[in-house]
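Protein chains in written order, with UniProt numbering: chain A, 1 to 691; chain B, 1 to 691.
Treat the hints as calculated values from the structure; they're not laboratory data.
There's no promise every hint is true.
Claimed, not checked - Stretch by stretch, here's where chain B covers chain A in the computed footprint (C-beta under 8 Å, at least three residues): (1) 143–154; (2) 629–640; (3) 680–686.
Where is the CB? At the ideal position from N, CA and C, for every residue including glycine.
Protein chains: 2
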Amino acid sequence: MPLLVAMIASLAATGPAAAEDGYQLWMRYPASASQPAIEVARDTPMTRAAAAEVRRGLPTGAGPVLLALARDPRLQGLRLATAKLGDEGYSVQRITIDGRTVTLITGNSDRGLLYGAFALLRHLDTGGAIDTVALTAAPAVTLRVLNHWDNLDGVVERGYAGRSLWDWWSLPDVKDPRYTDYARANASLGINGTVLNNVNAKAVSLTAPYIAKAAALADVFRPYGIRVYLSARFSAPIELGGIKTADPRDPAVAAWWKAKADEIYRAIPDFGGFLVKANSEGQPGPRDYGASHADGANMLAAAVKPHHGIIMWRAFVYAETDPDDRAKQAYTEFKPLDGKFADNVIVQVKNGAIDFQPREPFHPLFGAMPKTPLMIEFQITKEYLGFASHLAYLGPLFEEVLDADTGVRRGETVASVVDGADDRHGISGMAGVANIGDSRDWSGSTFNQANWYAFGRLAWDPTLSSQTIAREWAAQTFGQDPAVIDAVVAIMAGSREAAVDYTGPLGLAHLMATGHHYGPGPWVSELARPEWNPVYYHRADRGGIGFDRTRTGSNAVAQYAPRVAKVYADPAKTPLEELLWFHHLPWDHQLSTGRTVWGELVHRYDRGIATVVDMRRQWEALKPRIDAKRWEKAASQLAVQEREARWWRDASLAYWMSINGLALPGGSAPPAHDLAWYKAQTFPYPPGNPQ
Amino acid sequence: MPLLVAMIASLAATGPAAAEDGYQLWMRYPASASQPAIEVARDTPMTRAAAAEVRRGLPTGAGPVLLALARDPRLQGLRLATAKLGDEGYSVQRITIDGRTVTLITGNSDRGLLYGAFALLRHLDTGGAIDTVALTAAPAVTLRVLNHWDNLDGVVERGYAGRSLWDWWSLPDVKDPRYTDYARANASLGINGTVLNNVNAKAVSLTAPYIAKAAALADVFRPYGIRVYLSARFSAPIELGGIKTADPRDPAVAAWWKAKADEIYRAIPDFGGFLVKANSEGQPGPRDYGASHADGANMLAAAVKPHHGIIMWRAFVYAETDPDDRAKQAYTEFKPLDGKFADNVIVQVKNGAIDFQPREPFHPLFGAMPKTPLMIEFQITKEYLGFASHLAYLGPLFEEVLDADTGVRRGETVASVVDGADDRHGISGMAGVANIGDSRDWSGSTFNQANWYAFGRLAWDPTLSSQTIAREWAAQTFGQDPAVIDAVVAIMAGSREAAVDYTGPLGLAHLMATGHHYGPGPWVSELARPEWNPVYYHRADRGGIGFDRTRTGSNAVAQYAPRVAKVYADPAKTPLEELLWFHHLPWDHQLSTGRTVWGELVHRYDRGIATVVDMRRQWEALKPRIDAKRWEKAASQLAVQEREARWWRDASLAYWMSINGLALPGGSAPPAHDLAWYKAQTFPYPPGNPQ
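Can you build the whole structure from these sequences, using the hints too?
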């Protein structure tokens, strides 16, 4: 058309659904040109799920694959060593059978085949070769469980990824295919349980209509090896049963729970059991009746025991009637109960003694209750680490806690307490508070998916390094270009430390704004309970900053084993990262870094900003190598993170300076606004904060 | 592997993202093997959007396509008749230029090219041939607008498709690609405006942070010809401005709104204007100060006038202080104001005089205010027609109202009042209360997408038949298999009448349960305001049923033109579909059908159930011809619909029988439960019902 001054528009030719949008998580299987040959020696819903996954994910030419139980007579000639795989482990290897070489996925149970299938795909997606594949693994703990803090109205408490994935209204009629993809993603990591509803539970979740809804989810999850659990409201016998009390020692109460458990198991034969938050932050519990946590837990345990169910009983308690250091109260309450719990109770202990702060020392209960299985509870959702928008890879946080030396027995770490092997506990577990919602990308950002991934992988194998996990995840999520993997892993590696730096360095904690926990509020001092106020935690005054938890203070250090307590009792030995958690120190106290406390604080705030700036720079450089939608969203979120990191730093420094009257060290920029400005900020309709 | 008793599992090989899940709406373009030749004679964001769409959607071999304005000098030799296309119309035709045949998309504006591009794709997707294409159209009304009843916390009032599409929290930083797809879908229908926030508005939506968020959306929508509007809270000058009054006659109030409008237009230069719900259901308004609705609207109109903005002022008012028939109050309040509104005000009138019931006679204001542009307001979301789960195609409802003869002038219909041509109004419009949320399929079900589609198509061309629209939609949504199209259209065609039948036949209305409006509640009689109670509407007693709106009753019929009023005043002339809306009749009153009122009522309830059963049967038969995910979800929802249709029928009949003491006609099944059971049902956490 020579007459036309034609401009050929440069246009994206793909439709919206074709683009990568994060929905596929780390399971971005290549489109196979040919169907691999997959043979399944046993037809069950779970082996069908395993085989379907292999068929979806296996690259062209990687077949044939055989899925067969270790006890399959046809494998007996091969002398496979499968005893150590236990009930859930797998072995993936190349074997020759009748003159043909096949990739064998085996184990002692269908579950082993399922996990082996995912392990094979992970191996291939991270660059492993099919012809040398040799994978063997078994999980370290028996319970690998997500905790959904999902309310029945669809609001997710501390959720930053949209509404609850569970559409309670349309269940059990409508089974969203997404429920299946949720199960697939969890099974790919070895997660084998999910608590559907918030620990701040409503009794209505135990009524017949909601049991039917939970049963519909359980049916979807079952072929993927995931059991359903429910959070139970301890006062449900009053609210639903018309009984006057919820006293666990009352036979009518016990009978009500037994009947309720029977009702649930009729609908969900493999129901996992109950998670209970009792006598904590306003929730009812056995202490309301003068009974102990063990009394409460054991009564529920008896109700589910005939069905092989368990009780996960949370140790996250602190009381407004107890003037002692909040950090000490769970230990004080639970340690005397060691040995008093029924054998199908596991006590669920948060990783630290306060509440999922960006950094906390490990919880002193780990190592202190050898007669009781302790399940560690991590928070995957980033309540205190920037919601959905900040990039903060939590692998290092999980790793740091799991690797912590309890000081109780030689070589005992938090991980070895949790796996329960030394004390031969029948159950053991890790719980992660989910960061999953109905956002298209599940977790509110691509990088948040890595936290779900890291939790799952560590629950299976706590000895994995966070760096290894990051590489694995990056390869599956962004492809096998080493330049991309290296950059992504580098961005992730320093990100959690950056969040610590710009929100609360040197062991400071709990400095966030009230209620929604969005942004800084170190000045908050007027909330009803003392331990709800940031000033309770930082104790900053003209003379210094930090919470004295040594003998001259609350003596929380004494809750640790002597070898650990000795370190924490001495400011010169306490790691700088935990310094102000344990010590109140003068602003001009000299540190090993050559800086004063004040100088080091400012230095670390600035370091946090610098890291975020650098993360943005690295991400910008990846633009040509990452698909547009995912790149663009992460870039937008990194811009938010930089702005909010500066806000945290500036607001915090403005406040500290109002207390200590000190000038900023040379070279450090003054806050952008005065303190009054930061105090005046309000944020309507924050996410994750049910009213 | 002969040793193995191998079972080849039959497995779905596609990953989750590859399957159809409704996200693509009616724009399921075929994957093109080759890039069509597309030439754009003019490079603007809007022509780029138009060309991108053609490139996405054009089948292989359908090029070349030329997009050029009618005034383009190179088209002058062709003598195209484009004057009648106006500012928004398009012409699509085959032309020969320089010896080459091309498909020309032309119009008098970039917007014409955009709409022409979508018209071409619709033509092809519904089976039209490229070589005979000849499309010419211009819209009937100037404002084709969605009303989002979206709250700033993400809850959509009367929304059954998840949360609000607008993630206010992450805006303006994160621009979800879905915002673009929303704009594309609307532009494909010719929708040119969107009111972002609920008519039950919060003042905070007019603050600087929220203006910036709205501006980010406006930036995304602009290339697709969609202007952003905001619902304005009339008392905002008090809440945000610190002024003691919101009296529209107060100069400080007018000045505040003027400054606010200026602020908004600085951020959004093509901001559309405000939608206002005033003095209605608790919202503040000019009547609070003794000023009229015209005073209020005109004051706001003056604020946006310099920027060419408009005010959409809702006529949906009824007062607890007015004991008159609720159906009469809007007319009583607004008719005297005819001619008193500024020329950039349009009064927005619901299709009927009550509130979006499954069937209502057309609103008597249509035809009664010739000096005032009247915008019709339809409800696309199914507040009263079964939420997301019932299949009820609203095309026939929209069509029935638009085609209604007002009786005022010869040939005057509601549609011709709305298009404003006879009275030469400068603005005209149709508003639809959106059924859009962040559900993957946008509207909570595939068939709900058809209601969005039908609204948009009728806003462009109110003369289209609902049947034609259903065929168009079905072909684009399910493909061009005539057997599928025929069956889908058959299912849709009777679906709204079925919903009328099983919820409120013979002109009954407003019989739903309280608050959430889920399910039946004809017995409800104790709400604070009389007109909130179902018993106010059906007036059933031992002697009969129905609301007497003739001279012996409220005389609402007198609000219609005499020719129409004469019909509605006479039970023998009133269509059976509207009978009990206008008349209170004895249960044994004989109807033209040969049945009594009671007999006809039962007959229609049963007919509604039978239709739903038949819809299910037809859908089952389509299973092999529809993709699995969409088929399965609709099948699940049809099962819900059948159950709930029976519930509506049974609960209603149990109640009517408790009033009239009559037996069911022979052959009609008794209700499954007694009346007490139906009254005792409760539904926790219903969707769409903000607390």
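Discussion item. Tell me the numbers of any earlier hints that the structure contravenes, in ascending order.
Written reply: none
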